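With the sequences and hints as input, model every part of the structure.
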Amino acid sequence: MAGSCAIGALLAGAAQAQTTEAEVAVEEVVVTGSRIARPDYVANSPIVSVGQAAIENTGQVTVEKSLSQMPQFSGSFGQGNTGSTSTGLNGGQSYASLRGLGAKRTLILLDGRRLQPSNPDGSVDLNTIPEALIDNVEVITGGASTAYGSDATAGVVNFRLKRNFEGIVLDSQYGISEKGDAESFKIALTAGGRFNEGKGSAVISVDYTNRDRALQSARDYYVFRTSTPGLSTIPQGTVLFGANLPTLASVNNVFVGQYGTRALTGNAAGKYTGQIGFNTDQTLFSTAGVPVLNFRDPETDEAYIVNSNASGTQQQVNFGYNGSSMQSDLDRYSVFGKLDYDLTDNLRFFTQFSFTDYESTGVSNPTLASNVYGLTVPVSNPYITNDFRNILATRPNPNAGFTFYKAFDILGPRIQKYSYTVYQLTSGLSGDVGFKDWTWDGYASFSRAKFDNEQTGGASASAVARLLNSPTGGTEYCAGGFNPFGNLTPSGDCIRYMSRRTLNQNTLEQRTVEVSVQGGAFELPAGEVRFAIGADYRSNEYTFTPDSQLNQPDGTSDVLGYSVLRDAGGSVDTYELFGEILIPILKDLPFIQEFNTNLGYRFSDYSSVGAISTYKADFDWRVIDNVRLRGGYNRAVRAPSVGELFAPVSTGSVAVGTAGPTNTDGDPCDVRSSFRRGASGAQVTALCLAQGVPANIIDSYQLGTAQVFALTGGNPDLQEETADTFSFGAVVQSPFESPLFSRMSVSVDWYSIKVKDAVGQLPIKNAFQFCFNAGGSNPNYDPSNYYCQLLTRNPASGVPLNPVQPLLNLGQFETSGIDVQFDWTVDLMDAGLGENAGSLAVNVAVGWLDTFKVQNLPGAATYDYAGTWGTAVETSAGQAHPEWKSVTSLTYTNGPASVGLRWRYISEMENSARVVTAASTTRGVKAYHAFDLNGRVKLPWETDLRFGVNNLFDNPPPQTGDIEGTYDAQNYDVLGRSYYVGVRKRF
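Counting from 1, position 20 in the sequence shown corresponds to residue 20 in the working numbering; the numbering is continuous, with no gaps.
Keep in mind that the hints were calculated from the coordinates and are not lab data. One or more hints might be untrue.
Below are the DMTMM-like pairs computed for lysine to aspartate or glutamate, each with C-alpha atoms no more than 25 Å apart in a straight line [said to hold, decoys possible]:
no.	residue 1	residue 2
1	Lys754	Glu883
2	Lys754	Asp717
3	Lys162	Asp944
Just so it is clear, the structure is predicted and the values come from calculations on it, not from any experiment.
Structure, rendered in structure tokens:
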């Protein structure tokens, strides 16, 4: 192990596989996290290594899901992200979020070199990794900014590829869930060998991967009809009167006098404060804040009645959608090739090329014309019935149009197709300097990522407006016209008239040039001083071109529910100098067999933020043969990416939850919220009025949705963020000579990462809470409070209008914890079970999270979210911060066969709302256990067979939050029991 516990805890390759990985590790001369070649493969920072067999034993066809199961990672954006109604730039991608600090703070390397980012924020998509050639994956916390770049904030994930590959290998795997969906298929052909008397070597790998959707409707733990109010935008359509309320008498004249229902109630002024909906037979029903009366359509997943309070005096007709997936699809082709050639004895050339083309499709609910996308219908619309016209006539402004919400299920689901083409060409030379053992290395790289985002199923705002405002009902535009009232299906001609397809395009380019020299400097009594120095240049460019329908000249989007987008672009150039020195301090003393220190420094000059410096100081101390201590300090600096600086300003759907008396979700101005019902209810009401909620509906105001459309975008004034990492750990190998215990090892590492001036979005959910004094952030309920300034409201309805989710240099993030890894392999013969009894291997990886602190703004309160679920430092970083997370495996091997059992554990978590508001009763997350079975058999004819069952006992995921059917697909197994089988043939 020599300083690195090469764990199989992901898990569970056979004992032979572990031995092979350990032997390879000893042969390595450069460890991840350092530029200096050394013979003993010592890692000073916490490092774990996961081999190909361990990754394969997870049964996943993409590496992202395998990594997210490790304790060092938080479940991040990946195959569990299945659909979006926003025009983001990351659909279909898969990320690694080390320590829960986000993909943009996790530096991804391929054989120690940077990869092409696939997202403007600098995140690297793991779908571009040549998985068939992965030998092992090394994960290091801190200590790497001086070696690879100042932006290695959380750490580094280095994918090491197989070297000197010879022969032909065909590998394939098929998987399916017990429900008959979530099918996956992968096939890879890899060929390589040496030529020209061994001077050259070449390898090429071609890979095809296909993964199908997994449907929520196939799992009984998904619920489409929740028992709590959520979206009230339904296919039948509903009217919000805002401040222009009709009289209660006019409503009861229709409901009591004509429909025979009981009387509805209103406010003290005799006004009706609920909403009016439309049955398919054109009669009316009441909804939202009042009892639902006269709802005649059959209740379906798209329209069903729920109680808004315990007594049932307030109800609404909820919208649900049963077409969602919990696993996204993927169709991917990739090619990787590399050529190495010894030009002379002292000069070596290499070139490598990677190409990945893939598509993923996101499916989401139909267009919802609500909130800021609510429609305005004139009183002249010919489809308004006499019953409803009589009610409209009693409003203070009887001739004014009215706000109309409708789910356009007639257009089908909204589908987003994400298409990526990513390629990278890298070529370089290396050789001997000719002085001592000094070597030099230089390379240049060009890479490009092109992203097409095609959207279908959207509705044209202008086309719908023309139909609604037409005196004929739109018959001059399409056959039969469009009656929006009730769940009616218009003609195919009208559906085509309203439907829209859009296409957004995004391009990223990266150019890199680097040269370095390393070798031995001089001798000290304790050993040789070694060094590495170098320089590099890097350019990142970004261009974004939205569809013209989303980029209207008047500053609006013509597609309901989709963002307003603008052309955007920019570039950042970086020049860097770096150096590193390894100094042996002491050697061959009592309890100091050797003590070395490693110092590093990197100077970076960014065209965006100017000159910055990063540095490190760490040590390794072999106390005795079996005990090594390691640790150090690392300063990392991350300059804002091209996307963070120049991303287009857009709106996107952001979940805020549903207001309730015991949680802090939703709009605090909602009469159902704990803010309105709490001890400071009068001050909350006054603040709501000051923000623009109309006075005549303040006592009946309900948001009627669990999401808002927040405004986001780049910020060219961003500054760099800095991170300080401290680590200390020990690696202990078995001191016992007994065969039973001689192959036992354990490593324990403590880490602490503090990120200051962190670049990120201030979540709009937090802005709502903090504006209304959650955690004491606005004790005077001042409308000019910073958080309140992010919120604006429609003066007619009180609904939030594009609240701002700014990208800022926020306060700080801080996380700390301990990683423990344990490996033990024993031949059962040594336990007295016979010569052919086989061997047993135990592998354990445990992560304990001590703190996960977030300060949203400088000077604001700091909250510790360790042991909670629900708050992420950014959208793709992961919301789960369990106190304990572990993976344990037990593998039995006998001859050519092995079988293993793996246990995945995530401890229970409170909801993060309770951190800010202790009285909140928002539901937390229960502890989760999942068991996986895997096996391997070596067959004749150079053939290997592998197989497995994931989630062996079909354990459902724990519910997250108060809404039934809500699960975290990034961190938990939402598929249920699934099976896979793979075969590898060597030629």
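### Query
Which numbered hints turn out to be false for this structure?
none
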